[in-house]
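Residue numbers (our numbering), protein chains in the order written: chain A, 39 to 298; chain B, 39 to 298.
There could be a bad hint or two in this list.
Identical chains blur together in the list; that is why a pair holds if it fits in one copy or across any two.
Said to hold, decoys possible - Capping the alpha-carbon separation at 20 Å, the derived lysine to aspartate or glutamate pairs in DMTMM-like fashion look like this:
1. K97 <-> D159
2. K255 <-> E104
3. K281 <-> D82
4. K284 <-> D200
5. K229 <-> D285
6. K284 <-> E100
7. K268 <-> E234
8. K255 <-> E187
9. K56 <-> D159
10. K97 <-> D285
Since the hints were derived computationally from the structure, they do not count as laboratory data.
There are 2 protein chains.
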Amino acid sequence: MENWEETALKDFVENGYKTYIPNVSIDCVIFGYHDHRLKILLSDIEGMDGNCLPGGYIKRTETLDEAANRIVEEKTSITGLYLQQYKTFGDPGRIKWDEFDLDQFSKKRPFKKIKSSWLKDQTISIGYYAITDFSLVEPRPGFMSTSCEWYDIDKIPPLMFDHDQMVRDALQTLRSQLYYHPIVEKLLPEKFALTEIHAVYETILGRELHIRNFPQKLLFLELITKLNEKRNIGPHRAPFLYKFNKDKYTEALKAGVTLV
Amino acid sequence: MENWEETALKDFVENGYKTYIPNVSIDCVIFGYHDHRLKILLSDIEGMDGNCLPGGYIKRTETLDEAANRIVEEKTSITGLYLQQYKTFGDPGRIKWDEFDLDQFSKKRPFKKIKSSWLKDQTISIGYYAITDFSLVEPRPGFMSTSCEWYDIDKIPPLMFDHDQMVRDALQTLRSQLYYHPIVEKLLPEKFALTEIHAVYETILGRELHIRNFPQKLLFLELITKLNEKRNIGPHRAPFLYKFNKDKYTEALKAGVTLV
Numbered sequence: 039m040e041n042w043e044e045t046a047l048k049d050f051v052e053n054g055y056k057t058y059i060p061n062v063s064i065d066c067v068i069f070g071y072h073d074h075r076l077k078i079l080l081s082d083i084e085g086m087d088g089n090c091l092p093g094g095y096i097k098r099t100e101t102l103d104e105a106a107n108r109i110v111e112e113k114t115s116i117t118g119l120y121l122q123q124y125k126t127f128g129d130p131g132r133i134k135w136d137e138f139d140l141d142q143f144s145k146k147r148p149f150k151k152i153k154s155s156w157l158k159d160q161t162i163s164i165g166y167y168a169i170t171d172f173s174l175v176e177p178r179p180g181f182m183s184t185s186c187e188w189y190d191i192d193k194i195p196p197l198m199f200d201h202d203q204m205v206r207d208a209l210q211t212l213r214s215q216l217y218y219h220p221i222v223e224k225l226l227p228e229k230f231a232l233t234e235i236h237a238v239y240e241t242i243l244g245r246e247l248h249i250r251n252f253p254q255k256l257l258f259l260e261l262i263t264k265l266n267e268k269r270n271i272g273p274h275r276a277p278f279l280y281k282f283n284k285d286k287y288t289e290a291l292k293a294g295v296t297l298v
Numbered sequence: 039m040e041n042w043e044e045t046a047l048k049d050f051v052e053n054g055y056k057t058y059i060p061n062v063s064i065d066c067v068i069f070g071y072h073d074h075r076l077k078i079l080l081s082d083i084e085g086m087d088g089n090c091l092p093g094g095y096i097k098r099t100e101t102l103d104e105a106a107n108r109i110v111e112e113k114t115s116i117t118g119l120y121l122q123q124y125k126t127f128g129d130p131g132r133i134k135w136d137e138f139d140l141d142q143f144s145k146k147r148p149f150k151k152i153k154s155s156w157l158k159d160q161t162i163s164i165g166y167y168a169i170t171d172f173s174l175v176e177p178r179p180g181f182m183s184t185s186c187e188w189y190d191i192d193k194i195p196p197l198m199f200d201h202d203q204m205v206r207d208a209l210q211t212l213r214s215q216l217y218y219h220p221i222v223e224k225l226l227p228e229k230f231a232l233t234e235i236h237a238v239y240e241t242i243l244g245r246e247l248h249i250r251n252f253p254q255k256l257l258f259l260e261l262i263t264k265l266n267e268k269r270n271i272g273p274h275r276a277p278f279l280y281k282f283n284k285d286k287y288t289e290a291l292k293a294g295v296t297l298v
């Protein structure tokens, strides 16, 4: 006798294309930063071996952004994440169904129809990415997942489908947008020391930045402003504090005017 | 009696989903720059009123980039354009079929089946953009189009579907990527005067840039290098020439390190 979840899954496999747009999915690369460490959130698909990005399909009534946010919430229990579309993936060989043991999936979820389901037709996937402070969120596996965990960016296991490529491209996008999207702003307190912003940039870019020249450039470009205020962090240690120049960020985001 | 093109069209409407991935299309925003002028390439769909971006579907054997390049070639006769994916559009109301006079289309192309064709299901569209020197290309209308022309960026007529939004977003992307993608490089000779690069940036950004501070920032960021060489353009007029610092551009494109 089937339970509610099995009935829902059977209906999804057989009739899902009536609710969701077929041939298109969404996959999400969720970065987490905290104190010099960059991580990424990985999930899985119940009944299949391996790790993958949290992903799903787009309801016919949803915008793409709404779908991405719902999928993250359903798969990871994280709410209110600011997701941003970065690239769409559609190489013909991106999902090699032949390499998957569908029988294994079928054993656990005995729906023979999956072999001819709309789910098996060629699928193009829209990549979204987000960054959050990983110490502030508690991911939990959701519908059709059994795991949902943070992995250090340099210890990611090989992923299913083309998700390795998706992670590489998301990281490149994150790095290239560090200066004109309000990314770093979300990871720092309103007032911060230069060592703190230095650590965020170094960790995300994955390389050393000059201790003096780097903040000098941020100041030259007017992305941050020095405050007439210090923070006591120990004897003889009270660095000046800085804040983001939000207008400059907003302007840059809208018109691409970071540099002029 | 049907001619070859009508037979091909009928087959496309009825059986196209076997060759092409349904529910996903590609639309292309092609910018053209020359001598202080920025234009955009608009096409149409034979049998329908109005202007739209050159667009089409993805063959099941193609990568997305291959499809985008083929579509541009088929619709505009332009070959070898460097197209770049920038955003995917999927709002539920992006194509309002009810507002289209399908009978008008059917009259010219009498295929009643279009009303229930795969073409009428909800479609998500992947946006590509490119920029070229419009004085060097000669667009011509291709398959299912009757027009293909350059329009000044500030004289674009209202477009079909959500193509106005696509153009706005492409322009924003173009502007925000001006500093770390090799965009401007394609529009200037190898050695150029500061007035020339100034004109390209001003025209694409659509606003005035400071005549001295602007090149100073480009030099500060090492995006351009001054050459020990001048060009004679008239009596008492021989400005120094500059060239792009290609390594810096490539580095910036790969790792987002434009500013540090």
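Going through the hints against the structure:
1. K97 <-> D159: both (17 Å within a copy, 13 Å between copies)
2. K255 <-> E104: neither (37 Å within a copy, 39 Å between copies)
3. K281 <-> D82: neither (39 Å within a copy, 50 Å between copies)
4. K284 <-> D200: So K284 and D200 fail the 20 Å test inside a copy (36 Å) and across (31 Å) alike.
5. K229 <-> D285: within (16 Å within a copy, 35 Å between copies)
6. K284 <-> E100: neither (31 Å within a copy, 43 Å between copies)
7. K268 <-> E234: Only inside one copy: K268 and E234 sit 14 Å apart there, 46 Å across copies, limit 20 Å.
8. K255 <-> E187: Intra 36 Å, inter 43 Å, cutoff 20 Å: neither.
9. K56 <-> D159: Both: 15 Å inside a chain and 11 Å across chains, each within 20 Å.
10. K97 <-> D285: Classified as neither: same-chain Cα gap 36 Å, cross-chain 44 Å, threshold 20 Å.
Checked against the numbered hints above, the structure breaks hints 2, 3, 4, 6, 8 and 10 and satisfies the rest.
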